[in-house]
Amino acid sequence: MRYLPKSPTDREQMLREIGVSSIDEFFAAIPAEYRLKRDLKVPRQMSESEIIDYFRQRSQENAAGYAVFLGAGAYHHYRPVIIDALVQRGEFLTSYTPYQAEITQGTLQAIFEFQTMICELTGMDIANASMYDGSTGAAEAILMAMRVTGREHSVIAKTVHPEYREVIHTYLHHRGLPMVTVGYAEESGAINLDELDRAITSDAACVLIQSPNFLGSVEDVAAIAEIAHNKGALLVVSIAEALSLGIVKPPAEADIVSLEAQSFGVPLGFGGPYDGVLAAKEKYVRQMPGRLVGETKDKNGKRGYVLTLSTREQHIRREKATSNICTNQALVALMSTIYMDVYGREGLKELATQNLAKAHYAANQFGKKATILFPKAKRFNEFVVQTKQDPHGANDRLLEKKIIGGLPLKRFYPELGNAALWCCTEMNTREQIDAALEAVQA
Amino acid sequence: MIRKVSQHVNQNEGLIFEKSSPGKKAYRLPPLDVPEIDPGKLLGEHAREDLGLMPEISEIEIIRHFTRLSTWNYAIDLGMYPLGSCTMKYNARVNEFVARLEGLGNAHPYQPEKISQGALAILKLLSECLCEITGMETITLQPAAGAHGEFTGILLIRAYHESKGNPRRKIIIPDSAHGTNPATAAICGYEIINLKSNSEGMVDVSLLAQLVDDTVAGMMLTNPSTIGVFEKDIHRIADLLHDKGAMLYMDGANMNALVGKTRPGDFGVDVMHLNLHKTFSTPHGGGGPGSGPVACKKVFDSFLPTPVLTTRPDGKLGFEYNRPQSIGRVRAFYGNFGMFVRALAYIFANGPDGLRQTTEDAVLNANYIRKKLEGAYELPYKTGSMHEVVFSDRLQTQNGVKTGDIAKRLIDYGFHPYTTSFPLIVPGALMIEPTESESKEELDLFIDAMKSIAREAQEDPQLVVSAPHNTRVARLDETTAARKPTLRWRPEQSEARRPAAVVKPELVETR
Amino acid sequence: MAFPADYRYTREHEWIKVDGNQASIGITDYAQNSLGDIVFVELPKVGDELTAGKTFGTVESVKAVSELYAPASGKVVAVNENLATAPERINSDAHGAWMIKIALSNTGEVNKLLSSADYEKYVKEEGGH
Numbered sequence: 156m157r158y159l160p161k162s163p164t165d166r167e168q169m170l171r172e173i174g175v176s177s178i179d180e181f182f183a184a185i186p187a188e189y190r191l192k193r194d195l196k197v198p199r200q201m202s203e204s205e206i207i208d209y210f211r212q213r214s215q216e217n218a219a220g221y222a223v224f225l226g227a228g229a230y231h232h233y234r235p236v237i238i239d240a241l242v243q244r245g246e247f248l249t250s251y252t253p254y255q256a257e258i259t260q261g262t263l264q265a266i267f268e269f270q271t272m273i274c275e276l277t278g279m280d281i282a283n284a285s286m287y288d289g290s291t292g293a294a295e296a297i298l299m300a301m302r303v304t305g306r307e308h309s310v311i312a313k314t315v316h317p318e319y320r321e322v323i324h325t326y327l328h329h330r331g332l333p334m335v336t337v338g339y340a341e342e343s344g345a346i347n348l349d350e351l352d353r354a355i356t357s358d359a360a361c362v363l364i365q366s367p368n369f370l371g372s373v374e375d376v377a378a379i380a381e382i383a384h385n386k387g388a389l390l391v392v393s394i395a396e397a398l399s400l401g402i403v404k405p406p407a408e409a410d411i412v413s414l415e416a417q418s419f420g421v422p423l424g425f426g427g428p429y430d431g432v433l434a435a436k437e438k439y440v441r442q443m444p445g446r447l448v449g450e451t452k453d454k455n456g457k458r459g460y461v462l463t464l465s466t467r468e469q470h471i472r473r474e475k476a477t478s479n480i481c482t483n484q485a486l487v488a489l490m491s492t493i494y495m496d497v498y499g500r501e502g503l504k505e506l507a508t509q510n511l512a513k514a515h516y517a518a519n520q521f522g523k524k525a526t527i528l529f530p531k532a533k534r535f536n537e538f539v540v541q542t543k544q545d546p547h548g549a550n551d552r553l554l555e556k557k558i559i560g561g562l563p564l565k566r567f568y569p570e571l572g573n574a575a576l577w578c579c580t581e582m583n584t585r586e587q588i589d590a591a592l593e594a595v596q597a
Numbered sequence: 006m007i008r009k010v011s012q013h014v015n016q017n018e019g020l021i022f023e024k025s026s027p028g029k030k031a032y033r034l035p036p037l038d039v040p041e042i043d044p045g046k047l048l049g050e051h052a053r054e055d056l057g058l059m060p061e062i063s064e065i066e067i068i069r070h071f072t073r074l075s076t077w078n079y080a081i082d083l084g085m086y087p088l089g090s091c092t093m094k095y096n097a098r099v100n101e102f103v104a105r106l107e108g109l110g111n112a113h114p115y116q117p118e119k120i121s122q123g124a125l126a127i128l129k130l131l132s133e134c135l136c137e138i139t140g141m142e143t144i145t146l147q148p149a150a151g152a153h154g155e156f157t158g159i160l161l162i163r164a165y166h167e168s169k170g171n172p173r174r175k176i177i178i179p180d181s182a183h184g185t186n187p188a189t190a191a192i193c194g195y196e197i198i199n200l201k202s203n204s205e206g207m208v209d210v211s212l213l214a215q216l217v218d219d220t221v222a223g224m225m226l227t228n229p230s231t232i233g234v235f236e237k238d239i240h241r242i243a244d245l246l247h248d249k250g251a252m253l254y255m256d257g258a259n260m261n262a263l264v265g266k267t268r269p270g271d272f273g274v275d276v277m278h279l280n281l282h283k284t285f286s287t288p289h290g291g292g293g294p295g296s297g298p299v300a301c302k303k304v305f306d307s308f309l310p311t312p313v314l315t316t317r318p319d320g321k322l323g324f325e326y327n328r329p330q331s332i333g334r335v336r337a338f339y340g341n342f343g344m345f346v347r348a349l350a351y352i353f354a355n356g357p358d359g360l361r362q363t364t365e366d367a368v369l370n371a372n373y374i375r376k377k378l379e380g381a382y383e384l385p386y387k388t389g390s391m392h393e394v395v396f397s398d399r400l401q402t403q404n405g406v407k408t409g410d411i412a413k414r415l416i417d418y419g420f421h422p423y424t425t426s427f428p429l430i431v432p433g434a435l436m437i438e439p440t441e442s443e444s445k446e447e448l449d450l451f452i453d454a455m456k457s458i459a460r461e462a463q464e465d466p467q468l469v470v471s472a473p474h475n476t477r478v479a480r481l482d483e484t485t486a487a488r489k490p491t492l493r494w495r496p497e498q499s500e501a502r503r504p505a506a507v508v509k510p511e512l513v514e515t516r
Numbered sequence: 004m005a006f007p008a009d010y011r012y013t014r015e016h017e018w019i020k021v022d023g024n025q026a027s028i029g030i031t032d033y034a035q036n037s038l039g040d041i042v043f044v045e046l047p048k049v050g051d052e053l054t055a056g057k058t059f060g061t062v063e064s065v066k067a068v069s070e071l072y073a074p075a076s077g078k079v080v081a082v083n084e085n086l087a088t089a090p091e092r093i094n095s096d097a098h099g100a101w102m103i104k105i106a107l108s109n110t111g112e113v114n115k116l117l118s119s120a121d122y123e124k125y126v127k128e129e130g131g132h
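Chains as they are written, first to last, in the numbering used here: chain A, 156 to 597; chain B, 6 to 516; chain C, 4 to 132.
Not everything, but these chain C residues come out facing chain B in the computed CB check (under 10 Å):
(1) Gly39
(2) Asp40
(3) Ile41
(4) Val42
(5) Phe43
(6) Glu63
(7) Ser64
(8) Val65
(9) Lys66
(10) Thr88
(11) Ala89
(12) Pro90
(13) Glu91
Hints in this document: simulated from the structure, not taken from any laboratory.
Just so it is clear, CB atoms sit at the ideal spot from N, CA and C, and this is done for glycine as well.
Extracted from the complex, chain A is given alone in its bound form (with noise of 0.2 Å):
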């Protein structure tokens, strides 16, 4: 087996040292009946080329070389090749959590660099080294926010991507933890300010929404902010499209910002690894869950970097941690950085601006066939489109010219009749645009 550095030789000088005449004498203490006297029925042992030769049988099977239309909470970006040559690097790939700080300067610089990055684009003071996901991040903020304020209710705009609502509720419900859920106003998309009020009773600890919002539209943070302020709740501001923050103001205003920053670099996947986030007001550091790396010194008075405030976590406190995250998304958190250090302070803009003008112009060409819904949105990258047939029919008729059309939202958003969230990016040309509109009105 070629990853084992070990010959015939050397197992048996092993044993004779140890000084026993079997490696079976080792698994003596599995009882027999237990043991496995056959193979596993698993593929048999292949080659190096085999091996390339199956993902790429099971690459071709899926889509590739396809123009994406999707977004949805995993955006189709540019990824500069610098990210890979640099994170395959062993020394970051093949490296531990760095406990031991003298030897892992190096992960523990870049996380430190990380947490400054999302301090500035999300406005917030603090950043932890990173989260699962998007959706974990959100559900966590939201406990957070009980563990600060001492309330157990939480407010849920039903723009929240659908997924992380079905997380929360997961992460929530069996403890008995109650959440509502405040709707959208038809003609912004935004979240609906008089219901959000009436909703916010004395129980809650904060209001969670998206911005932008699953639906596509910038909600009005500080307004928000004053409405969950007034009553005593946080406000915690989910964000899905980590690349608005090149355009669209941050939430200064929110008290936990819980970013997935996939967009920063991290391919599609599939879904996943992604890169989840949670920034906050620096008050609430005692209870924020997940690493942080802090500064300080060595006793020569040079600088360095070490995780701190580990008694918040699992390994120190046990059962009364802030959570029972351990292995978080540090190597895909070393390909945003990579990202938003190549892009950096006008590269983001920049590109965040090309977003903003795909996006428009796909949505004036396709407002001119269909509906665009929520005409009083302020949008970023994503619009809802309604048409009069159910768009599965249109995206079938996309897959033939190698387009993926926009979601149909029919089933997290029945109410918007037949409706599909279409998202453009930097990848998407005019002319694919222009190719997409043609299927929609056929």
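Model the placement of chains B and C on the given structure of chain A, informed by the hints.
Chains B and C in isolation, oriented as in the chain A frame:
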């Protein structure tokens, strides 16, 4: 005596922000092919003006920055990484290659099923392999990491009991367990019953018998335990629980000791998680991503998170969403798919014979270390070791040298430390898990280093307690970091703007 | 190691110093020494009710958290705010760095606590493990 390391140039490097200056760029966008827009007009008051301190930097500087940072890390690719419980094994490069194939790496999670059959086939085959390896009947791949798998598994147990009319109140957890176990049981709304280990560091079966009643939902057990010992009474443990209707959950962190030799499903486990980033070689990546599939017996099938993979009447694969008894989703989309690809590639590279040999080699390596270091270090529990061995620092503390000091000194010898101070049942623990990836030569170097440190602890304890001596930074001030946390950079923290003094290279601190 | 005679002690290493109906509470020199550098204390608010033997807060070092147990019952009348920014005071002067002051609801409870001599003896036995 230090045979593995020597001096190596290690370049200084500031923070990326300290290299930034206006006008530098590492990108160029294609020309816009649609009409230009005015963001201020489209977004109104929501338009953002400025991105603050985000860096402006060129591509070569980014490459050098991260390449230099990378040289400050220890890694499996550099040498033995014997962190107990973490299974730091070789991460094959073919896994990285296949995970990045266009149709897999770029697949959108919402693309229609008819053009996702390749990805779904991977989910199906991996699911089948993992069920076979664990001896289980059904599985969800959705959880993103081990602790997330625990969360899912305990919710499955909760849902099962609820379907019988009562979720029950308690989860039993041995005192040797990982911290994630009690943290998980707590977030699932359970009261934790701490089970004290017996004098051999194992489950005290008679004590367990007293604790199990019909208020107990289940027990979370790590097997082999965190001291690397197989629970030989596993049968009785399972029976005691099952007799009262309670479930046996297994933390699969130590599965690298069992694959191909025995199957948890056969020895009475009802629900368990696997860590694909441990047993199945997906890279740890500096702390993640992981993947924590949960395998279980058929009775849990209807409670699995939505969606579940299904075969349609026409033979095509798809996702089934209508599952009224499901515990619900635990993650958006379907899990860390990229890790599934890598784990399956690992299974292919091994096959049944390779998987078994891997387990045997992992166990052989741990026992070799145990044999060679026993005497130099105290072995608190004499029961036979499997894939890891736990010593204590009792002999060294007589000279004021603790497990954490020995660990730091090991760095000077060119090794990553073992796991320190865990499990909690061994005061001053040294938890060593070599994995199968170490050659006899590398093991011998490690053993030499450990013996040498044991001698130093007697002859020159100060040398050990002040270690490491050869790293780029010395021990860092964690107290100030925790008292006055600095969790982000601000311009006033900058070091790089000082005028550079000309110093001859031989005078520069290079490590 | 100091064991002031006019203080009473718990087996969980808190001290209490009574002054009329009020009492100051902190952790002992032995406790701070075994915890190491203290980085954070979490204390109740003024007005909170304490029950003897129940937890009222936590004290943290870099890698450990310890619960604080109330030596006696009563209402919190003052919290030492200085410890929020300077927890190191507990390390430098454990018996001077009071954490909270309470209005005792039952002064008799204090008499059941360990005396200075008993606590010193208890600590010696515990340290010998």
